[in-house]
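With chain A fixed as given, assemble chain B onto it according to the hints.
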Amino acid sequence: MTVRESLRGEPQILAMGGGGFTMEPDNPALDDFALSLVRVPEPRILFLPTASGDPTAQITSFYARFARRASATHLSLFRRHGSARSLEDIVLEQDVIYVGGGSMRNLLAIWRAHELDGLLVEAWRRGIVLAGLSAGAMCWFSGGVTRSSGPLEVIGGLGLLPGSFTVHADGEPERLPVWLAAVRSGELPGGWAADDGVGLLFHGTRMTRVVTSRPGTAALRVDLVAGELVRHRIEPELLGAGPGGPGSQPVPDDIRELRELRQAMRRN
Amino acid sequence: MNTGRPPQIVAFGGGGFSMEAGNPLLDDYVLGLAERERPKVCFVPTASGDADHYVVRFYRTFSTRCETSHVSLFRRDRGDGAVEGDLEAHLLRQDVIYVGGGSVVSLLGAWRAHGLDRVLKQAWRRGVVLCGLSAGSLCWFQEAVTAFHGAPTVVRGLGLLPHSNCVHYDGEPERREEYRRFVGDGVTPGYAADDGAALHFVGRDLRRVVSSRPRARAFRVEPRKGEVVEEQLPVSYLGDAQLDLAVA
Numbered sequence: 001m002t003v004r005e006s007l008r009g010e011p012q013i014l015a016m017g018g019g020g021f022t023m024e025p026d027n028p029a030l031d032d033f034a035l036s037l038v039r040v041p042e043p044r045i046l047f048l049p050t051a052s053g054d055p056t057a058q059i060t061s062f063y064a065r066f067a068r069r070a071s072a073t074h075l076s077l078f079r080r081h082g083s084a085r086s087l088e089d090i091v092l093e094q095d096v097i098y099v100g101g102g103s104m105r106n107l108l109a110i111w112r113a114h115e116l117d118g119l120l121v122e123a124w125r126r127g128i129v130l131a132g133l134s135a136g137a138m139c140w141f142s143g144g145v146t147r148s149s150g151p152l153e154v155i156g157g158l159g160l161l162p163g164s165f166t167v168h169a170d171g172e173p174e175r176l177p178v179w180l181a182a183v184r185s186g187e188l189p190g191g192w193a194a195d196d197g198v199g200l201l202f203h204g205t206r207m208t209r210v211v212t213s214r215p216g217t218a219a220l221r222v223d224l225v226a227g228e229l230v231r232h233r234i235e236p237e238l239l240g241a242g243p244g245g246p247g248s249q250p251v252p253d254d255i256r257e258l259r260e261l262r263q264a265m266r267r268n
Numbered sequence: 001m002n003t004g005r006p007p008q009i010v011a012f013g014g015g016g017f018s019m020e021a022g023n024p025l026l027d028d029y030v031l032g033l034a035e036r037e038r039p040k041v042c043f044v045p046t047a048s049g050d051a052d053h054y055v056v057r058f059y060r061t062f063s064t065r066c067e068t069s070h071v072s073l074f075r076r077d078r079g080d081g082a083v084e085g086d087l088e089a090h091l092l093r094q095d096v097i098y099v100g101g102g103s104v105v106s107l108l109g110a111w112r113a114h115g116l117d118r119v120l121k122q123a124w125r126r127g128v129v130l131c132g133l134s135a136g137s138l139c140w141f142q143e144a145v146t147a148f149h150g151a152p153t154v155v156r157g158l159g160l161l162p163h164s165n166c167v168h169y170d171g172e173p174e175r176r177e178e179y180r181r182f183v184g185d186g187v188t189p190g191y192a193a194d195d196g197a198a199l200h201f202v203g204r205d206l207r208r209v210v211s212s213r214p215r216a217r218a219f220r221v222e223p224r225k226g227e228v229v230e231e232q233l234p235v236s237y238l239g240d241a242q243l244d245l246a247v248a
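Chains A and B are the protein sequences, given in the same order. The first sequence begins at 1 in my numbering and counts up by one. The second sequence begins at 1 in my numbering and counts up by one.
Honestly, the hints are just simulated from the structure, not real lab data. Zero decoy hints are in this set.
Quick partial rundown of chain B residues pointing at chain A, CB under 10 Å, derived from the structure:
no., residue
1, L73
2, F74
3, L87
4, G109
5, R112
6, F148
7, H149
8, A151
Restraint-style ranges between C-beta atoms, simulated for each label pair:
no., chain 1, residue 1, chain 2, residue 2, range
9, A, R85, B, E84, 37 to 45 Å
10, A, T2, B, S63, 52 to 60 Å
11, A, V230, B, D185, 56 to 64 Å
12, A, V230, B, Q122, 40 to 48 Å
Here the structure is a predicted model, which is why all the values come from computation and not from measurement. From the three backbone atoms N, C-alpha and C, an ideal C-beta is built for every residue, glycine too.
Next up, chain A with everything else stripped away, as it sits in the complex (with noise of 0.2 Å):
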């Protein structure tokens, strides 16, 4: 076992209802929450700009947020990597995976088409950090509501999380009454709703912490409990404003200087 390896903890995924880098340019709370989940003192971050069709300004955003806060790279699935490196390899060296927004349909079905579903099972089993926004984070549970044909429709996930997953809630609040409708059928599990900015942290399928990067917003928990609604509103932990900052659980002293040094190495 490498010190990475033993470095990892129990599996982890961070489901943002939107925000970070590509919805959130000038506040890079969430981002940097995300990188406080992992203990290696100079973690590797790769991006599955998948679900956009890798597109290169969602690419070059990533690299901004990124390449100076950790050991950055992006794999696409549509452009020539130049690397003859299996997807088994690439994956599962990782201290986080981010996976953007877009459509959540194409997103599973090329993954699927690369075998890259189970790889990234495999890489949250091992304590690889999974993150995403809006597809990136719904793709995680039993299903979600997705605008992949146009239309507000529902959509089957991984289902790594018990429970369905709504996100924009604030932002596109269309979205929410067919999420509460597909509920209130049967046909997705009860789950959370998210608005723009808030995360929600789960360790193993269990829910530990929502934060958010913006103040004013909240999560919802919705189940159907004897045929009606019940609803729970959740109220975030606001990122960045306690006395420990990005994340409230600070890196420590050591390790900070040392993600320094190396980011100072690597601009020489």
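Same frame as chain A, but now just chain B:
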């Protein structure tokens, strides 16, 4: 709607507007098959992830002389000028469906998820001319050799053409070896094409090979008496003024 045309596929080993700027020979050949003054041509850039620059180049090339449109499977939520709503009806109305290059594995995954595999088969049967390069060539065949993500592997295509296909045959020397080895190991016999060569199928049979470059080649690759034979096919260079395709 009956187009009056038989099922046709033009599979480029490489070439056309996205690879041969300034050389319209292969694209012109395909437009000629439409037998319309102003053909309806729809671009399907799925294999590139609907890359914007690719879509723009398509419109630049075709919009002055064709009725142009494109299908985006990644931006259906945003209405970015691509075909919205009933994709099936739109595709079945076309004279030509032009499929761009990229990853054939991603292409097939996305098409199947949106039911486009079924629609394209129906379009082909009705005489909509299907064409494309690279991934847009491989997709129509029973089996295809792709080296897009590392070492060459064989993938299952839509199977409209009961052959195998290998593109960019002149591009990478190991492709040629690998393709012959695959066919020796039981992959469906088939056709290989260089950049600039295009295989024109009518129904399931190869009608002719045309090219936009004088030296572009194409091959039939099949096992004969225990060994894999690569037979070079006659190629009609489209830049040759003497060429009379009517008698070819």
